[in-house]
Amino acid sequence: MGNELPFEQPLEELRSKIEELRRFGSEKDIDFSEEIARLEERYTQLQQEIFVQLAPAQKMQIARHPQRPTTIDYIQAIFDDYIELHGDRAYADDLAIVGGIAKLNGVPVTVVGHQKGKDTKDNIARNFGMPHPEGFRKGLRLMKQADKFRRPIITFIDTPGAYPGGAAEERGQGEAIARNLLEMATFRVPIICVVIGEGGSGGALALGVGNRVLMLENAIYSVISPNGAASILWKDASKADKAAEAMKITAQDLQEMKIIDEIIPEPNGGAHREIAIQAESVKSVLSRHLQELLSWDSEQLRQDRYDKYRKLGAFTYAQG
Amino acid sequence: MSKCPKCGAIQTSKELDKNLKVCPSCGYHMKLNARERIHMIMDEGRLFEYDADMISEDPLEFPGYADKLVKQSEKSGLRDAVVTGEGTIGGFPVVCAVMSFDFFSGSMGSVVGEKITRAVERATQKGYPLIVFSTSGGARMQESILSLMQMAKTSSALARFHDKGGLFISIFTDPTLGGVTASFAMLGDVILAEPGTIVGFAGRIVIEQTIRQKLPDNFQTAEFNLQHGQLDKVVNRKEMRNTLIKLLDLHTVKEGVSRG
Chain Z
463 MGNELPFEQP LEELRSKIEE LRRFGSEKDI DFSEEIARLE ERYTQLQQEI FVQLAPAQKM
523 QIARHPQRPT TIDYIQAIFD DYIELHGDRA YADDLAIVGG IAKLNGVPVT VVGHQKGKDT
583 KDNIARNFGM PHPEGFRKGL RLMKQADKFR RPIITFIDTP GAYPGGAAEE RGQGEAIARN
643 LLEMATFRVP IICVVIGEGG SGGALALGVG NRVLMLENAI YSVISPNGAA SILWKDASKA
703 DKAAEAMKIT AQDLQEMKII DEIIPEPNGG AHREIAIQAE SVKSVLSRHL QELLSWDSEQ
763 LRQDRYDKYR KLGAFTYAQG
Chain X
2 MSKCPKCGAI QTSKELDKNL KVCPSCGYHM KLNARERIHM IMDEGRLFEY DADMISEDPL
62 EFPGYADKLV KQSEKSGLRD AVVTGEGTIG GFPVVCAVMS FDFFSGSMGS VVGEKITRAV
122 ERATQKGYPL IVFSTSGGAR MQESILSLMQ MAKTSSALAR FHDKGGLFIS IFTDPTLGGV
182 TASFAMLGDV ILAEPGTIVG FAGRIVIEQT IRQKLPDNFQ TAEFNLQHGQ LDKVVNRKEM
242 RNTLIKLLDL HTVKEGVSRG
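Protein chains in written order, with the numbering used here: chain Z, 463 to 782; chain X, 2 to 261.
It should be emphasised that the hints constitute simulated quantities derived from the structure, not laboratory data.
Being a predicted model, the structure only gives us computed values, none of them experimental.
Note that beta-carbon positions come from the ideal geometry of N, C-alpha and C, so glycine has one too.
Errors might be hidden in some of the hints.
Unchecked claim - Straight-line Cα separation of at most 30 Å, DSS-like style, residue types lysine-lysine; simulated pairs: (1) Z/Lys773 / X/Lys127; (2) X/Lys69 / Z/Lys606; (3) Z/Lys479 / Z/Lys490; (4) Z/Lys697 / X/Lys76; (5) X/Lys32 / X/Lys19; (6) X/Lys165 / Z/Lys773; (7) Z/Lys583 / X/Lys127; (8) Z/Lys697 / X/Lys19; (9) Z/Lys704 / Z/Lys720; (10) Z/Lys745 / Z/Lys773; (11) X/Lys7 / Z/Lys701; (12) Z/Lys697 / X/Lys7; (13) X/Lys22 / X/Lys32; (14) X/Lys247 / X/Lys32; (15) X/Lys69 / Z/Lys704.
Said to hold, decoys possible - From the structure, some residues in chain X lie toward chain Z, with a derived Cβ separation under 8 Å: (16) Gly28; (17) Met31; (18) Ser57; (19) Leu79; (20) Phe202; (21) Leu227; (22) His229; (23) Val235.
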């Protein structure tokens, strides 16, 4: 398959052993089926052992896997009649964010998401999924359109973060993110956000204010990349593993902290191993939440979103 | 005696205080803490403080955070990086929030987010204008995702405030970066900044490392941001109080004056 992650090495070795045995058996016409079955069983067991106790830093590697399904993959697999819309009507069409109108189980919805590239060339065009202000503004334009036509909004979150560049600052990166947060609070339609890969800081949150926030099992979501945190806190980017641990960036941690509402399981080995199956399970969870939210009126939806973020925070009061 | 960090001119602390901590030689605006700022802006220097006893927890049991909170509090005399409350400016009642860089580099954690949100909610209830002086290095990393969520919380509260027709004057003071810029600070009806203030989302060093280029000296200064349409006006510290009074007055419809 290629692109194995370092912690998958033992699996990789076992796999090639099985293959070798199989090849040898057929060449020499010897029956190794019992031995192969035993190794296959061992493989499944080992796979479970590895994936049950993934460290946050290992999940981060899966979340950033170059073959991890992207927004466009999910759009194609989950929705019907998708029509992509472009541009922020002010400056440019930022390809780091994609979106348009489509149907989910027959219901017209607006879909918006960060888009990483599929290969180097695509990644350059899409700036590795790191939006400029015009990307956030394009997303906002599409979401406002959804609000106008009373279409539910579904967002897919997958970005290392808003692009840290000179031109991005000149065009108001901070303002663009802030505006999305404010506007997303006001929409009268259901908003469901799905963190499919990397939820990198403000650039992720700019598409992340929803009635429901769902997250794939191996996705991560954090205020700063673990590498960034390590270099700021301990002046040592190589301590990223330690930072990943301390910052509680996994879906499991975030569910405990009530930041997200539901974890969508991934196949063993991660979403990229079984993209069609993964998309199917994302679709079924999305559909269930949308079904519920569709019965709410606009004030209920806005109030629900307000309350959801209103209660987030940990503070206490000084004695005396 | 103190030395201007920009031009090196030396003056007595008394002279400097009299000049509102602005260097008499080069006009450099030195940092003010929240108490000094309140003293300078509010009528009689008085702010009736909200939530003065609110303090941070250590929700993630983040290595070193609890100790650092204690040290930051001792150093600054503050309980967190923002002071909020109400008072009057030129006789106009306002809700005011003032951030302080001397507590944890003005970073936004749960306490900053909660106090700002409550201030916005009170301003909404009372129909008072909202004045916020921001300064921040960005997110409080030790509170991780909870810190990020304060951006959504404060912005949602501002959505309601704006919807009710409230006036929000946001003032950037040096420096304001990261999550504070990318949430409430950029959502003012009128956005002001002190001269030379660094305003941005990403910091200069991160950008230079990313693009592998040197940025111009004036990059992200208030004047640079003004030029790029990111704020309304650069206001000298000496003029700040009067500018606020003027803006508050311009948003007040006096009885007996026809609007039609």
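Structure-based check of all given hints:
1. Z/Lys773 / X/Lys127: 22 Å, holds
2. X/Lys69 / Z/Lys606: 43 Å, violated
3. Z/Lys479 / Z/Lys490: 16 Å, holds
4. Z/Lys697 / X/Lys76: 23 Å, holds
5. X/Lys32 / X/Lys19: Given that 30 Å is the threshold and the Cα spacing comes to 15 Å, the pair holds.
6. X/Lys165 / Z/Lys773: Distance of about 22 Å is within 30 Å: holds.
7. Z/Lys583 / X/Lys127: 55 Å, violated
8. Z/Lys697 / X/Lys19: 39 Å, violated
9. Z/Lys704 / Z/Lys720: 23 Å, holds
10. Z/Lys745 / Z/Lys773: Given that 30 Å is the threshold and the Cα spacing comes to 29 Å, the pair holds.
11. X/Lys7 / Z/Lys701: 35 Å, violated
12. Z/Lys697 / X/Lys7: 27 Å, holds
13. X/Lys22 / X/Lys32: Measuring from Cα to Cα gives roughly 8 Å; hence the hint holds.
14. X/Lys247 / X/Lys32: Roughly 24 Å between the alpha carbons, so the hint for lysine 247 of chain X and lysine 32 of chain X holds.
15. X/Lys69 / Z/Lys704: 19 Å, holds
16. Gly28: 24 Å, violated
17. Met31: 24 Å, violated
18. Ser57: Because about 6 Å separates serine 57 of chain X from the closest Cβ in chain Z, which is inside the 8 Å limit, the hint holds.
19. Leu79: Status violated, d = 11 Å.
20. Phe202: This hint holds: phenylalanine 202 of chain X lies near chain Z, its Cβ roughly 4 Å from the closest one there, short of 8 Å.
21. Leu227: 12 Å, violated
22. His229: 5 Å, holds
23. Val235: Cβ of valine 235 of chain X sits 16 Å from chain Z, so the hint is violated.
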